[in-house]
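Undergrad: Residues per chain, in single letters:
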Amino acid sequence: MRRHFNFYSQYLIGVLFGIGLIISGMSNPQKILNFLDLAGNWDPSLIFVMLGAILVGLGGFYLVSKRTEAFFGGALHIPARRDISKPLVIGSLIFGAGWGIAGFCPGPAIVALGAGHLKALVFILSMLIGMAFCNRFFTGHKK
Amino acid sequence: MQIDWLAFTPGPAFLGGMLLGIAAALYVILHGRILGISGIISGLLSPKLGDVSWRLSLLLGLLSAPFLASLFFDLHTTTVIDADWIAIIVAGLLVGFGAHYGSGCTSGHGVCGLSRLSPRSLVATISFMSAGFLIVFVIRHVLGL
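Protein chains in written order, with my numbering: chain A, 125 to 267; chain B, 10 to 154.
Among chain A residues calculated to face chain B with C-beta under 8 Å, some are:
(1) W166
(2) F195
(3) F196
(4) V213
(5) L217
(6) I218
(7) H241
(8) F257
Residues from chain B that face chain A, not an exhaustive set, calculated with beta carbons under 10 Å:
(9) F23
(10) S62
(11) I148
Stretch-level coverage of chain A by chain B, calculated; a stretch enters the list once three of its residues show a Cβ under 8 Å from a Cβ in chain B:
(12) 202 to 208
(13) 222 to 231
No wet-lab data here; the hints were simulated from the structure. The beta-carbon is built from N, C-alpha and C at its ideal position, and this holds for glycine as well.
Construct the entire structure; sequences and hints are all you get.
TA: Here is the structure:
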């Protein structure tokens, strides 16, 4: 029973996150690119998305820092690393470059696929190839 | 720098952002995990028993969000994709590689990482934001595409 609740809960949190992306406008690559275009006609909306998310998130992660176990059982899977590593910085720079080219990051791309955009599907397939390439040739850098 | 006041939507942005925060908070409290979409996807590439269906459940939720948003809240999903096919493929490869190599994306590092005051996520977020600003500057104002 609890196992079923686990999946429903996963699903509903996915829906909630997706609707958050839709309402905030972050499922729209054009809005992302207009945020990243500091020298153009700048749309600062994304700052407010981050503010709203972090304001609530701070409370949630504070609550969880008092716990040792997740509600659905099992240990917490929260990264404990604090070192600033080369892969962290280089990977994030590469990720940001890709983000700036199309205005898509992983979450919004899946929402855009759900809205029926073929380009989102091609983006996601390319993303999977990029991840698999990293897995294949750059494993062992983590953990 | 000039602000595009017509496109600027601080209200919906803040409200939607709060929903993202609520989802991330619920996720870590109920499931004990970071709501990082790239990590949840990349885990599917090396599938382990009992580690696949919960990932698919969450991704299916994201996928069905536009339909449910229009069905229950009369909310239309605006998605304007200006990039051409080549750009989409290049961007996808970079995003996939970079997010995996850098241990996270906008959700894992940006939303969750900053919410839990992780120094690694702060560095990651500053890095991908800077790269994004730079690439858009080069594409729009240097190359004029």
